[in-house]
Amino acid sequence: MNRVSGDEHGLLFEGSLTLSTVHLIAEETRPLIRNHPAQALRADVSGLQRLDTAGAVFLRGLSTMARQEDKTLLLGPLPDQLQKFFEYVGHTPTPIAATPESSAPADREGALERLGGNLQLFGERLSAFLFLMSDLTWSAVSGLFRRTGMRRGSFVEQAIIIGSQGLPVIALILFLIGAVSTLQAAAQLRQFGANILVADLLAIGICVELGPLMTAIMVAGRSGSAIAAEIATMKFTEEIDALHTMALDPLRLVAVPKMWAMVLTVPLLTTMADLTGLAGGTLTALVALEIAPATFFDRLFDALHVKDIVTGLVKSVSFAWIITVLSVYRGLDFKGGAVGVGLATTSSVVSSIFAIIVLDLMWNLVFYLR
Amino acid sequence: MSTTTSPITNGDGDDDDDDVVIDVENLAVSYGDHLALEGITLEVRRGGVAVIVGGSGSGKTTLLKAVIGLAPISSGRIRLLDRELRKLTEIEGRALLQRIGVMFQGGALLNSITVGENVALPLEMHTGLKADLIDEIARTRLRLVGLEGAADKLPAELSGGMRKRAALARAMALDPEILFCDEPGAGLDPITAAEIDRLLLTVNESLGITLVVVTHELLSIERLGGDLLMIDEGRVLYSGSTSQARQSSDPKLKRFFQPA
Chain A
33 MNRVSGDEHG
43 LLFEGSLTLS
53 TVHLIAEETR
63 PLIRNHPAQA
73 LRADVSGLQR
83 LDTAGAVFLR
93 GLSTMARQED
103 KTLLLGPLPD
113 QLQKFFEYVG
123 HTPTPIAATP
133 ESSAPADREG
143 ALERLGGNLQ
153 LFGERLSAFL
163 FLMSDLTWSA
173 VSGLFRRTGM
183 RRGSFVEQAI
193 IIGSQGLPVI
203 ALILFLIGAV
213 STLQAAAQLR
223 QFGANILVAD
233 LLAIGICVEL
243 GPLMTAIMVA
253 GRSGSAIAAE
263 IATMKFTEEI
273 DALHTMALDP
283 LRLVAVPKMW
293 AMVLTVPLLT
303 TMADLTGLAG
313 GTLTALVALE
323 IAPATFFDRL
333 FDALHVKDIV
343 TGLVKSVSFA
353 WIITVLSVYR
363 GLDFKGGAVG
373 VGLATTSSVV
383 SSIFAIIVLD
393 LMWNLVFYLR
Chain B
321 MSTTTSPITN
331 GDGDDDDDDV
341 VIDVENLAVS
351 YGDHLALEGI
361 TLEVRRGGVA
371 VIVGGSGSGK
381 TTLLKAVIGL
391 APISSGRIRL
401 LDRELRKLTE
411 IEGRALLQRI
421 GVMFQGGALL
431 NSITVGENVA
441 LPLEMHTGLK
451 ADLIDEIART
461 RLRLVGLEGA
471 ADKLPAELSG
481 GMRKRAALAR
491 AMALDPEILF
501 CDEPGAGLDP
511 ITAAEIDRLL
521 LTVNESLGIT
531 LVVVTHELLS
541 IERLGGDLLM
551 IDEGRVLYSG
561 STSQARQSSD
571 PKLKRFFQPA
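If you read the sequences in order, they're chains A and B. Numbered by our numbering, the letters in the first sequence go through residues 33 to 402 in order. Numbered by our numbering, the letters in the second sequence go through residues 321 to 580 in order.
If you're looking for bench data, these hints aren't it; they were derived computationally from the structure. Don't take every hint at face value.
[To be verified] With beta-carbon atoms standing in for the labels, derived distance ranges:
#	chain 1	residue 1	chain 2	residue 2	range
1	A	145	B	474	44 to 52 angstroms
2	B	474	A	200	42 to 50 angstroms
3	B	431	A	115	49 to 57 angstroms
4	B	555	A	167	30 to 38 angstroms
5	A	116	B	431	42 to 50 angstroms
6	B	560	A	178	46 to 54 angstroms
7	B	472	A	145	50 to 58 angstroms
8	B	410	A	349	27 to 35 angstroms
9	A	346	B	472	54 to 62 angstroms
10	A	115	B	572	32 to 40 angstroms
11	A	156	B	495	37 to 45 angstroms
Since the structure is predicted, the reported quantities are computational estimates derived from the model, not experimental observations. Glycine included, each C-beta is placed from N, C-alpha and C at the ideal position.
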């Protein structure tokens, strides 16, 4: 029977005081100490048969518990077979006995110091990012003319991973977005008897805005995160350091082929996304909205200008560039272990999407602000 | 150089300077407010075996990283193969790095390419050799470390010991003058660790390559038999032979060599 009870001298512990029983015994102990008539108590533990670390820590804290009830408690001898174990556990300081002051930090920073520290950190990170951005961009451009420090075949490998392997999901999503935006536009335009303008909205909406934007967001989630995770893991496993010691530039060897692949394949993916988006919207217009095909196609091609298509492609190149720069930066900025890799991946996606939207706004101001 | 002459000194020896391949003078390395190394002075001579030892967090790996240019130098001077690290241009730095090999603790093989491609990488990047010759050299390097069948495997498919051997093969790809090894026996069973040490000694004895090994394992220190530099709390605690270190009355050295 595992129990604690009161006798005329104090407390009597019997049976097992282990991880599975200590919480029940602890609950009963405090009222027994509090309600005991004597001031100086004695804990008789000679009847204990089993004791583990949890039990020993509990016994060690008994005197503190008694002090909290304004009493004193003296621990009696344990059976011989348990005494050695108790001494082994018991020689470390009891955390419960620690004074509140001892856990307080020795030197607290003031608000201004924290603000200054954070600003300095922000400045350092910003300059590191700008340096990496210019370094990577320069390496990507100069690498076109001088291929030293790059592995043969790595660009094609990356282009396949980022481009062709990403195509099905991007095409499918844009097809669905084309269909949804057509239905939504029609619901509004129908009120004015202007159903046919769905074709105009679809052409401009997909080619200028949704095609490049959704493709970039998908690429940031799919490929940008993979780039950040790969580089962060390479840093964790000292592969980046190893490249340095082999007199190889990790940016040229690892990041530049990814930059090329992104800048080439994202506009191609955007073109395919535009086409499938238009296909989705057209199919919906013809089947669900019953617009005459000839009229619909006339409007669609009239609405679409070369400038709109070029705008979309220019945007997609800039999106590809910023996704790569941010993902490489987040990967190289990695600190810590597995959690650090996860953080690098997440922050690369979040910051890429934010940057994509800021760039999108900037291009819209450049191309469409009159 | 023979192991009977001391390849590592604390900088006050009168040996011929031509023989010195690593010359560190009053080195300090700090990360933010934390001073990782302070007042480190040492010389390593060509063809020798230098063993840098110390407990966990003592700064021995930081010293290795500073010497190969991976850790920032706060003050002091490092001369590697007669070139002062701080004064090198980027191109000179790259040329110098091609004369050394580094074997990292976890191997640090590129996981996305095969073991053979890993070994071939430095050759592919720094030489104008044809692909089939590079492939043949890489396979020879792998055969010399007992990994002839592993060229087409990915690093993740190898055991810990095999990964270390592959890392050694890659570090040796450009026939370096100095081979740096960070904890070569870490995480390995005693037999495999002994095999790695034997491979390192073979490289030193048969090719005359200077060996700089960072370790904390007593058996490894015994086997490598070179001279010791013991780092403790970022400072040099001892510099000299292993046998003298064993007889030292310094309590920290005593505790290191007789932990029980």
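For a quick check of understanding: which of the numbered hints are violated here, in increasing order?
Failing hints, ascending: 2 and 9.
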